[in-house]
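Peer 1: Chain by chain, the residues:
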Amino acid sequence: MTELIIKDLHVSIEGKQILKGLNLTVRKGEVHAIMGPNGTGKSTLAYTLMGHPSYEVTQGEIWFKGENILEKRPDERSRLGLFLAFQYPVAIPGVTVANFLRTALNARRRASNPEEKGIPIPEFRKMLIEKMNLLKMDSKFAGRYLNDGFSGGEKKRAEILQMATLQPEIAILDETDSGLDIDALRIVSEGVNALTGPNLGVVVITHYQRLLNYIKPQFVHIMFNGTIVESGGPALALKLEEHGYDWVREKYQEPIPA
Amino acid sequence: MEEKPHIVVSSRTRRVEPTIGHFTFTPEMIRLEGPLKDYRQKAWEEFNRLPLPTTKDETWRRTDLRLLPTDTFHLPSPGVQQEYQPVPGNLLQPLAGSQHGGQILLLPDQSQVSLDPALEKKGVIFTDLRTAEVQYPDLVERLAGEIVRSQEGKFAALAAAFSENGVVLYVPKGVSIEQPLHSVLWGGGYNLANISHLLIWVDEGASVTYVHESASAQQVPNLHAGLVEIKVSDGANLRFVELQSWGDQVWNFSHERAQVGRDANLDWIFGAIGSRVTKNFSSLDLVAPGATGRMSGFYFTNGQQHLDHDTRQNHLAPHTTSDLLFKGALKGSSRSVWQGMIYVAPDAQKTDGFQANRNLVLSPAARADSIPGLEILANDVRCTHGATVGKIDPEPMFYMLSRGIPAEDAERLIVEGFFDPIMQRIPFEGVRERFQQAILEKTVGK
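Protein chains in written order, with my numbering: chain W, 41 to 298; chain V, 19 to 464.
If you are wondering where the hints come from, they were derived from the structure by calculation, not from laboratory data. The structure presented is a predicted model; accordingly, all values stated were derived computationally and were not measured. Quick reminder that beta carbons are idealized off the backbone N, C-alpha and C, glycines included. Be a bit skeptical, because a hint or two may be false.
Claimed, not checked - If you want the footprint, here are the derived chain W segments under chain V, 3+ residues with CB under 8 Å:
id, stretch
1, 80-93
2, 127-133
3, 138-149
Isolated chain V (complex conformation):
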């Protein structure tokens, strides 16, 4: 039988029509050794089982993935030096005073770790995930998947299956850390799938402030899938600050959850200015009486950006308190979605839940969706929520102009003022300055 020749037509131009839902990842890429072997294996199965979300799924109704070029992304090859854009020096500047308690720089294929020896002596663990797998296998095995389960979503499963790059923070019982800990995830490469996994456990009565930033170069297409698992044990205190400044061509997906124990407190701050598309799930689980959590967020979008934050405040025990304030400003033809839910379990009496979302739309083509929600199954609770979408009022604008302030400065001042209540919640001048600088750059930008 005559063999028919295969005709292969190749083209250097990029395909306009993306294929939907087909990732090129294969099981050989999974690291099947170490304490996370089973975890990854199971997550890989979930990843294959779960379909790519579509706008028919309620939680994805406002974020369309049809333009996600799934088949263009690749994982860093083990042992091969990655090429990535240089890390901007200011990302590694100390956040408080002259030094950090510890700092980690995560690159796609390597990391740099430093930790104050005094903290190490107290038993504090603050290191990258690869190192932790070797040095603290039991801890890693225990924490991974304890708070966020890989079957929660396609991207949660993806991040879990390829979980290698990340941070492990453990603060032992009763240890209180004054200086903030700081980590920077620098996503690099071109069409690279950046996977990150943060495991945070603040043990009983301990306290710490931890700042995590993720960033990458502009105009470089990349994917990020991240997991953040936080455990705040009884009587512990965590201040966790996240600043997301991914480059403008990054598709960013993350599943984050914090579990807060008896009389424990979490102060959780989000800043989001980057990425092309973000879908972030953040959940605050108050699991024992006296647990309190505050979620403060700001987002500032421009150009074609699309940022979707899905928050949950789960009151799972009586006498728990949550307070959420998310504020967003929008320019260009960007779009934001905030969808929040306060859930109160049937026996979670005497809880106090608050949520508010405020949006300032600075351009006629921008759009903010704000969807608050309450699901209350107990009868003795106090829950309130509010959502607003507004523009700059002409009267304050005129007032500022009448003082000689030019229109663009007035707008900047109004935006800064709009975000100020969130800024006031941010610990450390250095962190605040970082956020303010980000806002300033957005305000003067297009």
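If we strip away everything but chain W, and leave its shape as in the complex, we get:
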């Protein structure tokens, strides 16, 4: 069974401890939401799972599909079936969406079969158009340089398009709702919902509850000060919407040294 198991994860960046013993298990077919105020380490978790070199794991383990992936490079983790939708996707000047995705797809195929010639272009085009229709994207989009001059909504849609194309088994969506107006939010959420199912596990990282009106999680976690402090069902998200994060801060605030 495909599982992502995070055990006692401690992470620091430039010597500063951000994650302080985080535990979480995500199975294929599940939708988890991780919520929390800004600066509690949500994005650090996302980057660490993907293997960003600036984040140093000082303690703990990350298991994916029965393998400890801590020693694996980001590209290996991706090909294993892990995906991160970035909060702030960077521009890749001069590389079109289509070229980028075809390269990524062929890298997957070659990893499992070195003799692989790569996906035939007509087949790739057909597949890409289908996925783009799903996300209500104009076909011209495929010819644009990836994230270069994209609006906030276009960037997020491009992230979901990549997810749809690469078909990961566990996907982490880092603040996918940030910077989206209500229409873009709906389109992106519909895209995600079309992809969720028994073959995909999703971790939605978000500050606001509004995304969860569209993407319904079975599990809701509250993250605070580098660790998960509360876990529950959808009701937990509603509690946050009603009461905000103040009660979390009061309950879990580290005592300020005198």
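Here the structure of chain W is known, so what remains is to put chain V in place on it, guided by the hints.
Peer 2: Okay, now just chain V, sitting in the frame of chain W:
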């Protein structure tokens, strides 16, 4: 008196210390007949008068010739079949669709020419220089030395004095050529001085695309000295694409200038991937109102290569426009120099000049020098320039890795993307593919 015996010590090992500035060429090697007799004679005098450039000369400050083994190079002997490495077949592949408008293969001592008979009927001349000297002596005499003068430099004079191998292209008034013309200069031999001379005249209102490639085998030391003289007459259009892929032991020097007339347009594209050392002077002279010129270049170096491009955009008349974009990527311990100057003459008002040079340094031992320059003597102009030297950013790299793209593929994609704006300026899929293939080979190479 007793004669002292001469003791000659010969050694088969190559001298480590090169002699500087001494070429073995002699005046007997100059072809003193035909329409270029006087031209060559005069150039020979200039060649002897001009010293070999040193790094004390401002334009040569970053390109050191002290290792140039001047005395090892020889010229092809007339009438003697040269030995050279075979021409790779793919060099002669058509660039657009199934055929060329015309193609010329230049070898050190012979050439092969083909031209669409329909173009010949229209008066188009596209032939090798030796043939043109016989068939069109007046044209050759008129064009040689009109745009580039032999006294401009040691290597300009060298190329002019021994000018025999080359291309003459003339497109008559109002003639528009759809299919590209293509020439390939295959430098061969061992320690051979390859001399080339291109004479291009696109007459009033005419238009053409011309692709010229120069190449030679790897690991074979040779010299190339080249001249390119381009005249784009009033209302004419020229797209000129040059791809330099000399072998990695070639010392390559060229002086190129285009003169663009009233309401005429030149789209000039350079690709440089080859040679051990290159010093290229390219000058765009906008000589009449409404003249426009675009210079787009890419270079990609690796190993020990040293490529130095010296560009000038000369606005010599009002209402002229120039746009230069040169992009370079560097690997190994290679080095590139781009030195550009926009010059605006005192009466060249309402001109618009732009230049940009961008470098992507892929290895810590590589180095790119970028020296933009403006010299503006008019007061109502718009000139901008920019130069950057950078490395691959870690964030796009991580982004690509996170999509499962291995690091080497990601680097290739970043380099391809870096060059893409130049590729978009290249006409014809076949030419673009040629350039992309060259980039790909460099990227996966050492």
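Peer 1: Against this structure, judge whether each hint is valid.
Peer 2: Now for the hints, and whether the structure bears them out:
1. 80-93: Contact hint for the stretch 80-93 of chain W vs chain V: holds, 4 residues under 8 Å.
2. 127-133: holds (count 5)
3. 138-149: holds (count 6)
Taken one by one, the earlier hints all hold for this structure without exception.
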